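One letter stands for each residue in the lines below.
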Amino acid sequence: QKEVEQDPGPLSVPEGAIVSLNCTYSNSAFQYFMWYRQYSRKGPELLMYTYSSGNKEDGRFTAQVDKSSKYISLFIRDSQPSDSATYLCAMSGGSQGNLIFGKGTKLSVKP
Amino acid sequence: GAGVSQSPSNKVTEKGKDVELRCDPISGHTALYWYRQSLGQGLEFLIYFQGNSAPDKSGLPSDRFSAERTGGSVSTLTIQRTQQEDSAVYLCASSLLSGRGGETQYFGPGTRLLVL
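Chains as they are written, first to last, in my numbering: chain L, 5 to 115; chain C, 8 to 123.
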């Protein structure tokens, strides 16, 4: 079992839909949880950052972490064609500097 | 300000040749990371540098891979005797402080390596 599991999709939704992206993980030491967005042929860019359990909202984006279930989610409200990208979950814990990534979910928002 | 830059953006090489990939981190960032992104595999950690400390090489897949960071700034990832399975996008990231868990890592655009 990989440390971080993420459904690679692809996921296709109509403009305006609510998108739900998820990752599960196995390492209980993870404390820092991130979502990166990666456009085609670009490097990943940080979208959301959450420490430990709880919710965080930023505009149309909401990140949720449930450490008891080892499950994290990213919700995108009122999705736009410009949201079409690959979304990568990433996490780390303690003194570990490097991030452990999911494989990424490719999202397409159709006008 | 300038972000993380990487060069070359694309590299095509023949099997068995050596390649060098360069990363310029954000100025003032003390931690630098190399990752590899293969089709269908996600991002895999390779190596990270923190200031003048010995690098964490735990992610390097074989002894054909090495990296150095000169003067606490620019880093070079070297792959010797390249193999076709080395074909991937090599991404560099930097973070401001200690490199400990939780710091935001800023990624460069990557170098796309194709080994024929």
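Hint data in this document are derived by calculation from the structure and do not stem from the laboratory.
Keep in mind the model is a prediction, meaning the values are calculated, not measured.
It cannot be assumed that every hint is accurate.
Said to hold, decoys possible - Chain L is nowhere near these chain C residues, computed Cβ spacing over 12 angstroms in every case:
no., residue
1, Q48
2, L50
3, T85
4, R88
5, R119
What the hints assert, rightly or not - Simulated crosslink set (PhoX-like; lysine-lysine; CA at most 25 angstroms straight-line):
no., chain 1, residue 1, chain 2, residue 2
6, C, K64, L, K110
7, L, K114, L, K71
8, L, K74, L, K60
9, L, K6, C, K22
10, L, K110, L, K6
11, L, K60, L, K110
Said to hold, decoys possible - Now the stretches of chain C that chain L is said to cover, found in silico as 3 or more residues with beta-carbon under 8 angstroms:
no., region
12, 22-33
13, 38-47
14, 109-116
The C-beta atom is built at its ideal place from N, Cα and C for all residues, glycine as well.
*Is the hinted pair K74 of chain L and K60 of chain L satisfied, with a Cα-Cα distance of at most 25 angstroms?*
With a Cα-Cα distance of about 17 angstroms, the restraint between K74 of chain L and K60 of chain L holds, given a limit of 25 angstroms.
*Regarding the assertion that R88 of chain C does not contact chain L, is the least Cβ-Cβ distance greater than 12 angstroms?*
R88 of chain C is indeed farther than 12 angstroms from all Cβ atoms of chain L, at 25 angstroms.
_With the threshold set at 25 angstroms, check whether the alpha-carbon distance from K114 of chain L to K71 of chain L stays at or below it._
33 angstroms, violated
*Just checking, L50 of chain C versus chain L, shortest CB gap more than 12 angstroms?*
4 angstroms, violated
*Are the Cα positions of K6 of chain L and K22 of chain C separated by 25 angstroms at most?*
At roughly 30 angstroms apart (the allowed maximum being 25 angstroms), K22 of chain C and K6 of chain L break the hint.
*Over 12 angstroms to the closest beta carbon of chain L is the bar; see if T85 of chain C clears it.*
19 angstroms, holds
*asked:* Hint check: K110 of chain L vs K6 of chain L, CA-CA at most 25 angstroms. Holds or violated?
replied: Judged against 25 angstroms, a Cα distance of about 19 angstroms means the pair holds.
*Mind checking, does the region 109-116 of chain C have 3 or more residues with a CB under 8 angstroms from chain L?*
holds (count 8)
*Verify the coverage statement for the region 22-33 of chain C against chain L, using a C-beta to C-beta distance below 8 angstroms and requiring 3 or more qualifying residues.*
violated (count 0)
*Are all beta-carbon distances from R119 of chain C to chain L longer than 12 angstroms?*
8 angstroms, violated
*For the pair supplied as a hint, K64 of chain C and K110 of chain L, confirm whether the alpha-carbon distance does not exceed 25 angstroms.*
30 angstroms, violated
*asked:* For Q48 of chain C, is the shortest CB-to-CB distance to chain L above 12 angstroms, so the non-interface label stands?
replied: Non-interface label fails for Q48 of chain C: nearest chain L Cβ at 7 angstroms, not farther than 12 angstroms.
Checked against the numbered hints above, the structure violates hints 1, 2, 5, 6, 7, 9, 12; every other hint is satisfied.
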